[in-house]
Amino acid sequence: MSKVAVVYWSSTGNTEAMANAVAGGIKEKGGEAVLHTCEDFDGSKVAEYDAIAFGCPAMGDEVLEDTEFEPMFDGCKDALKGKNIALFGSYGWGDGEWMRNWEESCKEAGANLVCDSVICQEEPDDEATDACKALGAALV
1 MSKVAVVYWS
11 STGNTEAMAN
21 AVAGGIKEKG
31 GEAVLHTCED
41 FDGSKVAEYD
51 AIAFGCPAMG
61 DEVLEDTEFE
71 PMFDGCKDAL
81 KGKNIALFGS
91 YGWGDGEWMR
101 NWEESCKEAG
111 ANLVCDSVIC
121 QEEPDDEATD
131 ACKALGAALV
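Heads up, the sequence shown is in the UniProt record's numbering, so the first residue is 1 and it goes up one at a time.
Read the hints as simulated data drawn from the structure, not as lab findings. Check the hints yourself; a few may be wrong.
Claimed, not checked - Pair ranges (Cβ atoms, derived):
#1 Lys107 to Gly75: 15 to 21 Å
#2 Ala47 to Gly92: 18 to 24 Å
#3 Pro71 to Gly96: 30 to 36 Å
#4 Lys77 to Asp40: 15 to 21 Å
As the list claims (entries may be wrong) - Derived DSSO-like pairs (lysine-lysine); straight-line CA-CA distance at most 30 Å:
#5 Lys27 to Lys3
#6 Lys77 to Lys45
#7 Lys83 to Lys107
#8 Lys77 to Lys3
#9 Lys83 to Lys45
#10 Lys83 to Lys27
#11 Lys107 to Lys45
#12 Lys27 to Lys45
#13 Lys3 to Lys81
#14 Lys77 to Lys29
#15 Lys81 to Lys29
#16 Lys3 to Lys29
#17 Lys3 to Lys45
#18 Lys107 to Lys81
#19 Lys29 to Lys83
#20 Lys81 to Lys45
#21 Lys27 to Lys81
#22 Lys3 to Lys107
#23 Lys29 to Lys45
#24 Lys27 to Lys77
#25 Lys77 to Lys107
#26 Lys27 to Lys107
#27 Lys3 to Lys83
Note that beta-carbon positions come from the ideal geometry of N, C-alpha and C, so glycine has one too.
Take the sequences, apply the hints, and build the full model.
Following this line, the structure appears as structure tokens:
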């Protein structure tokens, strides 16, 4: 059974709802999903998992949340080389630039993005929830 971490930061609950859908997709595919907020995850835990889904909303001028999530993620980068990962997050404005930049950063770190990232504007609708479940399933 694949053990998959779902690591996220959420302010309004939108990215948390996405994380729960990702975990649901992992479980439906027969994997073990372990939810973590970014406060209780760091680079030393990466090796404990077969794959990791990271979730963070766009903040400010389309960037990752920079006081908790980004420092945690930066601390994981060295351990992500060759690791199967997927990205998700919500946004309130913009065109997804933060996600494209984040994907590029992951590729530069040598991570293996196993599927297209999932973004949704504000609260995830049925389509976004289904996409999150598919993202989770892709990690199993």
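Outcome of the hint check:
A hinted range of 15 to 21 Å holds for the C-beta pair Lys107 and Gly75, which are about 18 Å apart. Between Ala47 and Gly92 the beta carbons are some 35 Å apart, a value that contradicts the proposed interval 18 to 24 Å. Roughly 23 Å separates the CB atoms of Pro71 and Gly96, a value that falls outside the hinted 30 to 36 Å. At roughly 18 Å, the beta carbons of Lys77 and Asp40 sit within the given window of 15 to 21 Å.
Using a Cα cut-off of 30 Å, the hinted pair Lys27 and Lys3 holds, with the two alpha carbons roughly 10 Å apart. Distance check on the hinted pair: Lys77 and Lys45 sit about 12 Å apart at the alpha-carbon level, within 30 Å; holds. For the hint linking Lys83 to Lys107, the alpha-carbon distance of about 11 Å falls within 30 Å, and the restraint holds. With a CA separation close to 19 Å, the supplied pair Lys77 and Lys3 stays within the 30 Å bound.
With a CA separation close to 12 Å, the supplied pair Lys83 and Lys45 stays within the 30 Å bound. A C-alpha spacing of about 20 Å is found between Lys83 and Lys27, which places the hinted pair at or below 30 Å, so the restraint holds. With a C-alpha separation of about 20 Å, the suggested pair Lys107 and Lys45 falls inside the 30 Å cut-off, and the hint holds. The hinted pair formed by Lys27 and Lys45 meets the criterion: a straight-line CA distance of about 20 Å does not exceed 30 Å.
The straight-line distance between the Cα atoms of Lys3 and Lys81 is roughly 18 Å, inside the 30 Å bound, and the hint therefore holds. At most 30 Å may separate the alpha-carbon atoms for a hinted pair to count; Lys77 and Lys29 meet this at roughly 27 Å. Annotation: proposed proximity of Lys81 to Lys29 holds, straight-line Cα distance about 25 Å (limit 30 Å). The hinted pair formed by Lys3 and Lys29 meets the criterion: a straight-line CA distance of about 11 Å does not exceed 30 Å.
For the proposed pair Lys3 and Lys45, the alpha carbon gap of about 12 Å is at most 30 Å, so the pair holds. For the given pair, Lys107 sits about 9 Å from Lys81 by alpha-carbon distance, which is consistent with the 30 Å threshold. A C-alpha spacing of about 19 Å is found between Lys29 and Lys83, which places the hinted pair at or below 30 Å, so the restraint holds. With a C-alpha separation of about 14 Å, the suggested pairing of Lys81 with Lys45 holds against the 30 Å cut-off.
With a C-alpha separation of about 25 Å, the suggested pair Lys27 and Lys81 falls inside the 30 Å cut-off, and the hint holds. Our distance criterion of 30 Å between C-alpha atoms is met by Lys3 and Lys107, whose separation comes to about 22 Å. Only pairs whose Cα atoms come within 30 Å are accepted, and Lys29 paired with Lys45 is accepted, the gap being roughly 23 Å. Between Lys27 and Lys77 the CA atoms are separated by roughly 26 Å; this keeps the pair inside 30 Å, and the hint holds.
Between the alpha carbons of Lys77 and Lys107 the distance comes to roughly 10 Å, so the proposed pair stays at or under 30 Å and holds. Between Lys27 and Lys107 the CA atoms are separated by roughly 27 Å; this keeps the pair inside 30 Å, and the hint holds. Straight-line distance between C-alpha atoms of Lys3 and Lys83 comes to about 13 Å, which keeps the hinted pair within the 30 Å bound.
In this structure, the hints that do not hold are numbers 2, 3, in rising order.
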